[in-house]
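Participant: Work out the full structure: start from the sequences and follow the hints.
The primary structure of each chain is shown beneath.
Number of protein chains: 2
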Amino acid sequence: MEGNTTALTVLTQTGADRAALPLLWWLGPITAIVALIFAIHFYKQMMQKPEGNDKMKFIAQAVREGAMAYLQRQYKVVGIVFAILFVIFLVLSFFKLQNPIVPFAFLTGGLFSGLCGFFGMKTATNASARAAFAASNSLNAGLQVALRAGAVMGLVVVGFALLDITLWFLLLYFGFPMIFPNNFISVTANPLPQITAIMLSFGMGASTQALFARVGGGIYTKAADVGADLVGKVEANIPEDDPRNPATIADNVGDNVGDVAGMGADLYESYAGSILATSALGVAAVTLAGSGLIPGKSPLETGLIYITAPIVLAALGIVLSILAVYLVKTRDDADQSQLIASLSRGLNLSSLGIAVLSLPLLYILGLPNFLAVWICVLAGLVVGLVIGKSTEYYTSHAFKPTRDIAEQADTSSATALIEGLAVGMESGGIPVAAVVTGIMVSYYVAGGVDNLLMGLFGVGIAAVGMLSTLGFTLATDAYGPIADNAGGNAEMSGLDRSVRQRTDELDAVGNTTAAIGKGFAIGSAALTSMALLAAYLEEIRLVLSELRHVEELLVRGEMIPVMKMTMDNFMDFYNVSLLNPAVLAGLFTGAATAFFFSAMTMRAVGRAATGMVEEVRRQFREIEGILEGTGRPDYARCVAISTAAAQREMIAPAMVAIIVPVVIGIVFGIAGVLGLLAGTLITGLSLAITMSNAGGAWDNAKKYIEVGKFGGKGSPAHKAAVIGDTVGDPFKDTAGPSLNILIKLMTMVSVVFAGLIVAFGNGQGIIYMLFH
Amino acid sequence: MEGNTTALTVLTQTGADRAALPLLWWLGPITAIVALIFAIHFYKQMMQKPEGNDKMKFIAQAVREGAMAYLQRQYKVVGIVFAILFVIFLVLSFFKLQNPIVPFAFLTGGLFSGLCGFFGMKTATNASARAAFAASNSLNAGLQVALRAGAVMGLVVVGFALLDITLWFLLLYFGFPMIFPNNFISVTANPLPQITAIMLSFGMGASTQALFARVGGGIYTKAADVGADLVGKVEANIPEDDPRNPATIADNVGDNVGDVAGMGADLYESYAGSILATSALGVAAVTLAGSGLIPGKSPLETGLIYITAPIVLAALGIVLSILAVYLVKTRDDADQSQLIASLSRGLNLSSLGIAVLSLPLLYILGLPNFLAVWICVLAGLVVGLVIGKSTEYYTSHAFKPTRDIAEQADTSSATALIEGLAVGMESGGIPVAAVVTGIMVSYYVAGGVDNLLMGLFGVGIAAVGMLSTLGFTLATDAYGPIADNAGGNAEMSGLDRSVRQRTDELDAVGNTTAAIGKGFAIGSAALTSMALLAAYLEEIRLVLSELRHVEELLVRGEMIPVMKMTMDNFMDFYNVSLLNPAVLAGLFTGAATAFFFSAMTMRAVGRAATGMVEEVRRQFREIEGILEGTGRPDYARCVAISTAAAQREMIAPAMVAIIVPVVIGIVFGIAGVLGLLAGTLITGLSLAITMSNAGGAWDNAKKYIEVGKFGGKGSPAHKAAVIGDTVGDPFKDTAGPSLNILIKLMTMVSVVFAGLIVAFGNGQGIIYMLFH
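Which chain is which? The protein sequence lines are A and B, in order. Take -18 as the starting number for the first sequence in our numbering and just add one per residue. Take -18 as the starting number for the second sequence in our numbering and just add one per residue.
Derived by calculation from the structure, the hints in this document are not laboratory data. Treat the hints with caution; some may be incorrect.
Identical copies carry no separate label here, and so any pair may be met within one copy or between two of them.
In silico DSSO-like links for lysine-lysine, alpha-carbon gap of 27 Å or less [unchecked claim]: (1) 214 / 25; (2) 700 / 690; (3) 103 / 57; (4) 57 / 381; (5) 684 / 381; (6) 700 / 214; (7) 684 / 370; (8) 684 / 700; (9) 381 / 30; (10) 381 / 694; (11) 103 / 36; (12) 103 / 214; (13) 381 / 690; (14) 36 / 700.
Facilitator: What follows is the structure, encoded as structure tokens:
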């Protein structure tokens, strides 16, 4: 740390007059690097384990190749999209509708998120055979391999995100004024509002990457899964993961693509977005509204302390996440609930650590309202906890809702479907109540009554608090597909039944953590979007004043001070009241967009699955001896089909997410955009929870029947439940999680295109201009 | 009309100084009475037709008795609820939290809506056998009987609604100042804002009645339908409407209960609500904001003209609806599309009549902005048309979406379900776009930029325009179940195949009109709620000033002028900006409530159907010779089960609709309530369309297969489609339509409990008070 402080001193001296950063700020880059070091450590540790016999290696290699082939293809498409958006941003910044730094920051955000996906997938696909082999020794050994491989993903995500944010901040705060004096970032005034507003649009890179990872991954995994099941299980009557099924490798690849890379990119975006939005809101709260200023400190110095708050929380979370990984151990005769308990121990202790340690850290940081901010952190943690528990209640067959579905399956598939849809629609109640309570508590405790922005800063802190232990929660998420693949490897390579039993146990726990992870992803997306939504208005205010500034310069040929606009008169100017028809138009459109987008992703799975079904049928028909185990199925072909379908099918939904906010902005103005974002957020939250939980409940109702209830496997109840599970697949793994991305991406698109929207009639939209 | 004008003169002279009503206003009560006279005429005409042979009479009698038994039971429950609410309103008015007239007006609203249900059901259940008998002569004869019976329902609804509104207005405007001078309604000042605000809460009676009719009816009809199908069609392999099935009478009763009485009450509420809200907004626009005043006329006189505008449109619509009934004729060899064309002729010509004739009428009325208001009428008509066409596209098997579902059914039931859900979720796009466009056009054309309230008045006018031809559109809706029942009667009484073929043709057209009717009901609910939402704020403003008035009187013991609060400073006071966390809390809760309520109604159907399944199985098991046609099934028992289940199951959803707005109001204040209403409205609209259209599309995909595609009846594709249809039943006939009621009822509850909410911290809610 000594060396870093020296570097800081050098920068401030050679650059412009910059106040020093609070010492605690440096925890950010330091822990980010620590996270990456531990990720490498866990990766090496895992790679040293033996991968088992030749057949295991062969299968693992096939999955690995499939996954990498998918990633290559995806990154090619992503590359094209990034290139197009990069050029658009360049053009926008040429016309002064965007800060010229944004196009480049956009690239790094996308790059780091993409790297996370790459490392996460590489680790997961290397770990599955090793986990299977380790499980042949003991349950704990298997658990350790799978969890630590998952931790690589978790730590890479938090490490890269925090590193990206802190490095760019250093560059913008110290570097740019030195390299380009009097350019881009104003030197003399308080530069923090401008810097944080620019950094907001970094999220756009992560958002775009997440869109492709989550939506594409979701389509891939379910096309392969549904295709493999419909022909393999139903028509050919061969078990799951049977090596004779040509789609089985694609199915295993899909688990990695959807649940490792997709989930990681989704949460990378939330994690980065929440920190960036919270920083922007904190700075705006103290510099614009003036309240929250620390006695004896300038607005700049106060702003730096507020910026540091989310960084400190993230840093603390990283340390605790690493410790939590070491806390997870299990006995070899552990049953299901003991396994869950050992994972929960890690989660609970890291959350408890945040709750206890954040208070002194925030105090040391010198936040004047440290107690209030600490309560916001607690609120975020509690919201995460409540959503997790609620998800468990609605989707685990230990509880009534899922058992009710199984009971209805005993009557008919139609009643099981009706019951499952009802369970899904009901299950939004508690999470939404938790999110609402979390928003209200953090807003008011942080002081939202006197200072709107400080209240929103509190909401942002709640989001950061909820996501602070992401390093560990993501590890338990990524652990699931690794255990699942380990089971697939054990099955395909014909290992002893006891091994498969152990991996099944690990996998079953993975289903629970995956369901909780999905709830967590949705909840954090909601809180993050709330913060982004508020930060969006900040961005608009800034763009507006910059635009005027430029206009004035052009007209008068001289420099005038940028207009002073308070949040209050700004709110008058952009009437975002519910009775403004532009807001209502936005709200209605936002709700419809959430449904429309879900329809697109659902149907994409349907189309992609149809292609897979046809290919598997063709192979069964044309490859001799395939069902007898003598003919070799063409795995690669199925992998290629899923890969191509995923890339093809995600273009249309992606366009919707990017184009709708721009069009609404141009037609209805800022008020319309804000309505749109709020409409998508509120409807998307309920709809996503409905779909995720209905899917999870159907899945587990099927599993409940499979353990022997209502006639067990092969009974009419089981057949009915399988239909429910198949309908639930795109619900819970494609459409539901994709909505998180839609919500966040639309907000990010609005942020980066804010300049364009403002340029049309000062943000009031064509409609407004027409009638004036 | 001469006599009426004299009566007016007498009233004004003996009562207070009241300006005369515009002559055109009197068209309201006159056409209302004309509608009722024609309803009686059509009823008598229908009753004179022969009811067929003894078996037909017997079956018709059984359905009639079942329907009346249901109504009796429902009215008993409704009676209890009305008594409780009546007492609550009395208590509220005792504490000056409610105008003392409201409790009584609440009763008449409920009474008239209830009478509509009674007459409509009585007519429909008397018409079915007669329609079947007439169809044995010719297709046209059957059509005439069914349509004119439907017209009774249509005309009774518009007649009673308009009569209720105009009579109360006369009483409040002329009668009360005379009977109770200086009481309840102020005499000297312009009383219109107060009168229209009081009249808004009339809708509460209609809303409560509609809740029970629509939700209870929806549960009844689907419990009977699913129960009859699951045991009869699937297990016992007997055809639909087979007299051996004990649930078949209940099923036929259900058609009447759900599609006649339920739909009627739903649209009664929209019709009355749109007129009441538009009147309130018109008056507020000219008296508060001042713009729109007619030169040379006082605010009172101008207000009367604005109040008359929606009345004139409704009156014109009634006349055109009656004419349209006479326009519908068909040849006996008419095919499906010719039948639809003959019904469309009536609809198109009545809409065209409104479009052409409303312009001169609005001009004669003396509206200064008659051209703008006329464009709002057109906007409403076009929105209704677009929603109807879009619904037809998504749910008729003449088009791609439904055929795609049938194609997917050929793969598996799961893919058919996924496709159907996708079709439903996609189908909201066009209707929502239409509603948004309609709102924007009418708001801005009416002058919303300069006068917010005038813009909202325009939105209200659009709703009234859309609903103006309700007399006829409701006739085509109610015609459906009558034709359906006629088919059932023909089947059960063993009439010639040709008769059943004719009634099937009539019924198939009924399916299309029913689907269009549902879209229409949802669209009008959205526009009406928009207007009610705005009118709600008006109500709050008024309550607030009254409360202050009373407070001042109590404290000072003297009279002071009520505070002058403009809409603008009022909006500042109640910050309904999207960034107010109370608004966001409301929005989130509103979205979740729409999903939660749907879950409740779906599950209610599931539970009620299970009871029915058990009863039918029991009868098949215990009644000897029942399947051979020698044992007599116990129809009444099934009717009683559906009736009891419907009443029992609707209590919980009803409580949600009534309690949630009150709780949110007390906790989060006015801003929270407005957020809640907007959230339920925007999410409910998309969700309701999704469910209605998915259900309709599944139903027709099944029918498409039944006409011989993909293997026809009994094929695997057909079995898969039947599962889709069964899942779709509660979607389209219970949960979807119930959302219309939820949206409107929650708004009405907010209106009538406004006083209570305002009493808590001036409408800012407990949360706000806690942090101040």
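Participant: Are any of the numbered hints broken by this structure? If so, which, sorted upward?
Facilitator: 1, 4, 9, 12 and 14
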